[in-house]
Amino acid sequence: MTGERGFTLLELVVATGVMLATTGALMTMLHHGLARTPVLEEAADLNQRARVAAERLAADLRAAGSGTPSGPLSARFPAAEPRRLGDAPGSAVSDVLTIRYVPAHAARSRLVEPLEPGAGSAIIETAGCPSQTTACGFTAGTNALVFDASSQIDPLRVEAISAGTLVLAASVAPRAATYPAGSEVAEAVEATYALDTDSKQLRRTEGNGTFTVADHVEALTFEWLDARLAVMPLAAFQNGPFHAAGSRMFDVDLLRVRVIRATIQLASGSGRGPAAVARITVALRNGG
Amino acid sequence: MQARGFTLVEVLVAMAVLLTATAGSVHLLAFATRAMHIARMQGVSVLSASARLDELRGLRFEFAEDGQRLTDLSTYLAASPPHDGGSGLAPGGAASLDVNVSGFVDYLDDSGAWIGEGAAPPPGAAFVRRWAIEAPADPDLLLLHVLVRPIVNEAAGETHLVTIRLRVER
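Residue numbers (our numbering), protein chains in the order written: chain A, 0 to 287; chain B, 3 to 172.
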């Protein structure tokens, strides 16, 4: 005798039915969820790319225009320009931004003797420079700017140093002006952000080095705002009057720019998923 | 030898374990989706708040070359684009940022784009953005506050930024 009573067929059928329905529903949800995983990954990647691009650009924009103890660069020269460094003065496009600043702890000094346009070396003051330095902190390979009180500005590249002397590379743009003794020489960053439309990459170029800040960038727009926060038309930067001379000649309206707004449109890597827009607005911190 | 199968209890327990595991991963996916959305909202929120702070920084608050104090007292920031007829950097808005003060509030969509202003949010608003300008006794000092709060997804949390602006020579 067993005395054990089994399940009736009806009970079993109902139990199986309930179990099947639950499992089925869960499996369907799981399937949908798994199908969405790539979208989720792309959204994460998109957010990450937008954040990196916005942070990098904002950091450069916040520094733009900073100068030496004698005053911000942007008091006399544009902190930012809507063109590449090699472009003619008066060029202005909506998807290019060049920023310029003297970084913190940069090497800097003043000319002891005037610097002629064709001169291959610059003699600089070493009094007051950090100890243990040969040429006031400048080293071979330093990118620098020379500028005076009259809105003249030119790039320099230090090829070699000796005591109090910078040997200048001939490869950079020829200088247009003679810089009097007392003109400032400072290590500087001049970096350009631009969209490479073929590869859809947002790229930052500094000197000869270029690196990609973000991939799959559909569009990039910079807007230039004045002190009333009105968008300045690009034509304002094309019509002069111009200051300085040579490769760094600029439209004086650039000195009226107070705020720069960048809009970066990003697509997902596969081209199917979501898209994102990063908008950053940065006030130029350093005078101007 | 008689092969012994699974008992019904064993099968039920096994299925229950399986169900729990599946339900767990479904939950995980839903959680990940929500977390992703919140992260995105927070990103937009921070960018929008810092954008307004930088716009307040862009307005004129400086010494002219002759030493005269120049202060923007006319730009209306709640509109897009901003226009004349506002109060610029004159003290205004509720420093506590807990009420909508006309001219010191606007509304943004889920990508951070401006979609309206006024006392009540327009349809489609994902964030409310409020700001305030406080002027301590020193005439060359301003306290700037910005708050961005999500309207639809409270879980995303709010962004509150404060900065000091000093009058400088430009």
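Incorrect hints may appear among the rest.
To give an idea of the interface, some chain B residues facing chain A are shown, with a C-beta separation under 10 Å as derived from the structure [as the list claims (entries may be wrong)]:
1. Ala-34
2. Gly-114
3. Ala-139
4. Glu-156
What the simulated footprint calls covered on chain B by chain A, stretch by stretch (three residues with Cβ under 8 Å from a Cβ of chain A suffice, anywhere in the stretch; the number is not a length) [said to hold, decoys possible]:
5. 39-48
6. 92-104
7. 125-138
8. 143-154
The set of hints was computed from the structure by calculation and includes no laboratory data. This structure is a prediction, so every number in the text was calculated from the model and none was measured. Positions of the beta carbon are idealized from the N, C-alpha and C atoms, including for glycine.
The hints, checked one at a time:
no. : hint    : result
1   : Ala-34  : holds, 6 Å
2   : Gly-114 : holds, 6 Å
3   : Ala-139 : violated, 25 Å
4   : Glu-156 : violated, 20 Å
5   : 39-48   : holds (count 3)
6   : 92-104  : violated (count 0)
7   : 125-138 : violated (count 0)
8   : 143-154 : violated (count 0)
Hint violations for this structure: numbers 3, 4, 6, 7 and 8, all remaining hints satisfied.
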